[in-house]
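Participant: Going down the list, the sequences are from chains A and B. Going by the working numbering, the residue at position 56 of the first sequence is 65; the numbering climbs one at a time, nothing skipped. Going by the working numbering, the residue at position 227 of the second sequence is 453; the numbering climbs one at a time, nothing skipped.
Don't read these hints as lab results, they were simulated from the structure. Being a predicted model, the structure only gives us computed values, none of them experimental. Heads up, some of the hints might be wrong.
To be verified - Stretches of chain B that chain A covers, calculated by requiring three or more beta carbons in the stretch to come under 8 Å of a beta carbon on chain A:
| no. | region |
| --- | --- |
| 1 | 243 to 251 |
| 2 | 257 to 267 |
| 3 | 295 to 303 |
| 4 | 312 to 320 |
| 5 | 360 to 374 |
| 6 | 400 to 410 |
| 7 | 421 to 432 |
Ideal placement from N, C-alpha and C gives every residue a C-beta, glycine not left out.
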Amino acid sequence: MNLRTPLGDEILDLRAGDTVTLSGTIYTARDEAHLQMIEEGIPFDPEGAAIYHCGPVVQDDRLIVAGPTTSARMNALTGFLIDAGVRALVGKGGMGPEVVEELRGRAVYLALTGGCAALAAARMSLSGVYFEELGMAEAVWIIEADRLPLTVGIDAHGGDIFHAVREKAKTQFHQHFNIR
Amino acid sequence: MMVNPVDPALSSALADATEKALREAEIRLPSDVLAALRRAAAAERDGIARREFENILENIALAEERRVPICQDTGVPVVYLTLPPDVALSPAIFAGIREGVQRATATIPLRPNVVDPLTRKNTGDNTGAGMPAVHVTPGDRLTVTVLPKGAGSENASRIGMLLPSQAGDIPRFVAETMLIAGGKPCPPVFLGVGIGGTFDMAAALAKEALLLPVDTMDDYEQEICDAVNALGIGPMGLGGDTTALSVKVKQADCHTASLPVAVNVQCWACRRATVEVER
């Protein structure tokens, strides 16, 4: 499926493991940006928006590279965004069980391959910035995305591919080392 | 004849070599690392994992084509210097390496990642107290090797002070490190394992093991690698055959009552480059 922001109920049709592309305006946010938005409010229209967990390299108002950062750092900071109408989180590594519940019936988590910063930047252009005082990595950059290649990591129905893989890994670990 | 320890030409040559090595490491993966990724991509059977490999290989090609860093986490600068007998270890050498890091940060460009550990204030140029981390060993030639280390994988690294009776548990300790880490360190990973020495030496050995070529493994390294891959974590924690691309072990003798074991986790972008200093 090819998704475009602002997102609507089409994201409810997605299932963990599906391949999608995402186009349109997206907003970067890491730890500091989440904390500042909780304090000062969200500087953009959150209805149908997509948040990108990313701290890019920017030079002369150009995105040089912009791959995803570890999403789990934002586990405890994400609920207010979903409550405000955000429909997709984009990042790497998956998120905690509290976020799986927050997404239920409302939004999805989309995984972009970690480290693929040149690939991501090749499909993005920079159109503005909020909270620039937080510095290059932590500011909220406004990005126009063009067909980002993503995997649905957590769907809006509790399906969580990362959780399933982790549970299987635990079983395999115990089997491999004969731990009872 | 000894080179003048405050020789500004030496300092400048070190800066040039450091900048050049960082540029090479950040933009192009070493051929052994690339070969390991291509082998694993060809052998991978899981559909999602195959797509992840496609993205990784396309990203590597795009970084080279656009002359940009492979990953936006351009890491913190870890530097290994070999010093020939005719060059004295002097402040000029450290100053040169520092300047090379500052220049690389501005020109490549790199993301400024170095901060005060408590105030979290960013120094802005990837240098700071104790940064770059510089390790010096004697050698035949004056060379600078850089290993820019990203945080996602560094944060998943682990050290254990095992009991001498637990030598057989080392593969389990390494696999457990990846079980805890899951998809967070951007697998498929390269694992550097340091065994023995002291608490600090085991960690240093683990990092040095990441400098070793990854095209071969001995039986012990293969045993550990197979145990990690049995977990099925796969690229990015989305499941698959490939969790670790290689395991390299470095060891040192240790106290009869100790068994330090350190695991340094390295994401698929195992960036390293060596440049000989022109003088």
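Participant: Each hint needs a verdict: does it hold in this structure or not?
Facilitator: Outcome of the hint check:
Figure legend: the region 243 to 251 of chain B, annotated as covered by chain A; annotation inconsistent (0 residues with Cβ-Cβ distances under 8 Å, at least 3 required). Coverage of the region 257 to 267 of chain B by chain A is violated. Counting CB-CB distances below 8 Å, 0 residues qualify, and the rule asks for three or more. For the region 295 to 303 of chain B, the stated coverage by chain A is satisfied: 6 residues place a CB nearer than 8 Å to a CB of that chain, which reaches the threshold of 3. Counting residues of the region 312 to 320 of chain B whose beta carbon lies closer than 8 Å to any beta carbon of chain A gives 0, which falls below the threshold of three, so the coverage claim is violated.
For the region 360 to 374 of chain B, the stated coverage by chain A is not satisfied: 0 residues place a CB nearer than 8 Å to a CB of that chain, which falls below the threshold of 3. Evaluation of the coverage hint for the region 400 to 410 of chain B: fulfilled, as 6 residues show C-beta separations to chain A shorter than 8 Å, against a requirement of three. With 0 residues carrying a beta carbon less than 8 Å from a beta carbon of chain A, the region 421 to 432 of chain B misses the three-residue requirement, and the given coverage is violated.
Hint compliance for this structure: hints 1, 2, 4, 5 and 7 are not met, and every other hint is.
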